[in-house]
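In order, the protein sequences belong to chains A and B. Our numbering puts the first sequence at residues 1 to 371. Our numbering puts the second sequence at residues 1 to 371.
It is possible that part of the hints are untrue.
Identical copies look the same in the list; a pair holds intra-copy or inter-copy alike.
[What the hints assert, rightly or not] Calculated lysine to aspartate or glutamate pairs in the DMTMM-like style (CA-CA distance at most 25 Å, straight line): (1) 174 / 154; (2) 79 / 11; (3) 292 / 117; (4) 158 / 84; (5) 174 / 371; (6) 158 / 371; (7) 342 / 368; (8) 361 / 280; (9) 19 / 207; (10) 171 / 157; (11) 8 / 237; (12) 361 / 249; (13) 45 / 84; (14) 48 / 351; (15) 19 / 339; (16) 191 / 355; (17) 289 / 368.
No wet-lab data here; the hints were simulated from the structure.
Protein chains: 2
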Amino acid sequence: MEIIEILKKSENARLGILKTNHGNVDTPVFMPVGTQGTIKAATHKDLKEIGIQMILSNAYHLYLRPGDTLIKDLGGIHKFSSWDKAVLTDSGGYQIFSLGVLRKIRPEGVEFQSHIDGSKHFLTPERVIEIQDNIGSDIWMCLDECVPYPSSYEYTEKSIELTKKWAERSKKAKKNGKAALFGIIQGGFYKDLRIRSANELIELDFDGYAIGGLSVGEPKSLMWDMVDAIMEMLPHDKPRYLMGLGFPEDIIEGVKRGIDMFDCIIPTRVARNGGLFTWEGKINIKNAKYQKDKRPIDENCGCYTCRTYSRAYLRHLIVSHELTSFYLNTLHNIYFYNELLKKIREAIKMDVFDEFYNEFKSRWKGGEIND
Amino acid sequence: MEIIEILKKSENARLGILKTNHGNVDTPVFMPVGTQGTIKAATHKDLKEIGIQMILSNAYHLYLRPGDTLIKDLGGIHKFSSWDKAVLTDSGGYQIFSLGVLRKIRPEGVEFQSHIDGSKHFLTPERVIEIQDNIGSDIWMCLDECVPYPSSYEYTEKSIELTKKWAERSKKAKKNGKAALFGIIQGGFYKDLRIRSANELIELDFDGYAIGGLSVGEPKSLMWDMVDAIMEMLPHDKPRYLMGLGFPEDIIEGVKRGIDMFDCIIPTRVARNGGLFTWEGKINIKNAKYQKDKRPIDENCGCYTCRTYSRAYLRHLIVSHELTSFYLNTLHNIYFYNELLKKIREAIKMDVFDEFYNEFKSRWKGGEIND
């Protein structure tokens, strides 16, 4: 199944259209994270107004609560959550492996205790496919194993063998021809294992390829080395998805390398802690210096929050522990990320991505800025 | 200053227009509570879409945080919070007296420790007027003393003498001719003291009269006895405001007696705990019975939440501790209260308030219903 049409390239950066059962998605795309069937502190109405075309949800979380069969009974995730655009579900591999001592990996699958109530569960690659079928998402991910950083060569090698076997079983288990299934390339922080994992998954012929197991504590340069090692190998007619990244500076780096899809909790989680993005970097609205600041978060932002409220008011809301703060901050950051991706796509279209990249980098200050 | 125009009466129930610096307000009116300059878990955009014409904020809270002079410097509460409709500020008398051992009443004013950081403060009736002038609200309240239930006759009598003196001083301190100032009738749970307090305040000729110090733990019938004792005395050409009430059944009782204005945290606080109003009563959406319930909260409700989501989804959000739950539930309850007041006004207009009252009461079940 060919689900992406590449319209244009600017060096390695790709402009495309991802075709899903719930509409076309302009790529490169950033998917806001709605782990439990909602973006935290935002409504789907807001997302549509901003122009979001695809969100990410999590099969593991929805399986535990409210349950994948319940979602199926209620008409699937789109109807249940009143979201008629695309949904990608992560398998939950990353979340399960983050449980640490609460999980045990076996060749057949993974045994774990629920983070909610401690109940015992056993998930196989086949069951994870069934869960995603019940959820009714548009793009599914195979169950995979993430290894921590650092991990030994031997352990990582065994792990990619397991991930490959699980990918094979996932593909075999998938009957639904409408949804797309992505394989997840692992291989820890060993270039040859990354290449081997990529080769093995490409051989299985998935609808798209994700790069998983990155941004788990390793240095940034090492992370990009792992991406660089396999980018050239990935089929040009399939979407490439860099999982769990990241800050604006990471997204622009990924696009430069030819990545089409991103997701991350950063814009929403950071918003709830008072971190608000501007085109120079991130400010923290809790800072006392914003107490009387009449300016919007960013003078050039067209979001509801910036069109309506001063930094002074937003600071008042967060220091006063007002729930409205979570909402207004979240809207701004999601809008900002959406604008960033729009500008990126525009730059590729005009074949000036490199200029855009350089200009962005010259303005952008990592971490927290003091604007 | 005459600030209310009574358009019609149906028995004692009054239909009117309250005139403020920020627009006309149809009465009877229910003001959602925005203690700290925002309705909790809702935006002012939402309130306008619902049709809210006036909100309540709190002088005491805004004085402590972000500070009344800061709000003044930033253009007043309307500009600061981007709300161009009417704002009434409570003086904070009730909040200060709720501090218990943390406050000391003196004839000049009240000394208290901040509930935020323990810092010491001293507020006089004059300072509370100045605070409201700085905030820039449309209707101001005098600083008053609330007595707990039960309180002795002697203590309550002394207390209304103090409230009267503070009311006199408040009136004298007020220079701003644009805002309206309300006196607050106290008198605990002694009819003669309520009557005396009402007489004394009426003599001072305020722009409106509030009935304070009720719903503090006394039986409902005793509360209505206190209201009934003074309703006939209140000038017909002035607005009457029953402070801090209440549930839908309380509002309809108040309207029946000739009350024009209400405020209460009930719709918003209850929403955050999963209590959602229907025309039969309040359901608790956390209940397991709603797990697969495809219906909206109320089939006859036109709010965004009811037009968009099932009870099953709303239950999922609240049991999953999703912030979106606070937002969607709050919108529904505010919409519900606004509809209730609209229907009440319509019934008075058609001179069928008594029929409406009886029909409402025949359907309405107090407490939590099992729908």
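Verification of the supplied hints:
Neither within a single protomer nor between protomers do residue 174 and residue 154 lie at most 25 Å apart by alpha-carbon distance, with minima of 31 Å and 80 Å respectively. In the homo-oligomer, the alpha carbons of residue 79 and residue 11 never lie at most 25 Å apart, since the shortest distance is 40 Å inside one protomer and 48 Å across protomers. With identical chains, the CA atoms of residue 292 and residue 117 are at most 25 Å apart between copies only, with a shortest distance of 21 Å across copies and 45 Å within one. Proximity of residue 158 and residue 84 under a CA criterion of 25 Å is satisfied in neither setting, with 40 Å inside one chain copy and 64 Å between copies.
Taking CA atoms no more than 25 Å apart as the test, residue 174 paired with residue 371 passes in neither setting, with 51 Å inside one copy and 40 Å between copies. Neither within a single protomer nor between protomers do residue 158 and residue 371 lie at most 25 Å apart by alpha-carbon distance, with minima of 48 Å and 55 Å respectively. When the C-alpha separation of residue 342 and residue 368 is checked against a cutoff of 25 Å, the pair qualifies only within one copy, where the shortest distance is 24 Å, while the shortest distance between copies is 48 Å. Proximity of residue 361 to residue 280 under the C-alpha cut-off of 25 Å is restricted to the intra-copy arrangement: shortest distance 9 Å within a copy versus 59 Å between copies.
For the identical chains of this complex, residue 19 and residue 207 are intra-copy neighbours only, at 11 Å inside a copy versus 64 Å across copies, given an alpha-carbon limit of 25 Å. Taking CA atoms no more than 25 Å apart as the test, residue 171 paired with residue 157 passes inside one copy only; the shortest distance there is 21 Å, against 81 Å between copies. For the homomeric pair residue 8 and residue 237, the shortest alpha-carbon distance inside one copy (12 Å) is at most 25 Å, but the shortest distance between copies (72 Å) is not. In this assembly of identical chains, residue 361 and residue 249 lie within 25 Å of each other by CA distance solely inside one copy; the values are 8 Å within and 60 Å between copies.
Taking the closest pair of Cα atoms, residue 45 and residue 84 come within 25 Å of each other both inside a single copy (11 Å) and across two copies (24 Å). Taking identical chains as interchangeable, the C-alpha atoms of residue 48 and residue 351 are never at most 25 Å apart, the minima being 28 Å within one chain and 44 Å between chains. Taking the shortest Cα distances, residue 19 and residue 339 sit within 25 Å of each other inside one copy (21 Å), while across copies they are farther apart (43 Å). In the homo-oligomer, the alpha carbons of residue 191 and residue 355 never lie at most 25 Å apart, since the shortest distance is 30 Å inside one protomer and 79 Å across protomers.
Taking CA atoms no more than 25 Å apart as the test, residue 289 paired with residue 368 passes inside one copy only; the shortest distance there is 14 Å, against 46 Å between copies.
When each numbered hint is compared with the structure, violations occur for hints 1, 2, 4, 5, 6, 14 and 16.
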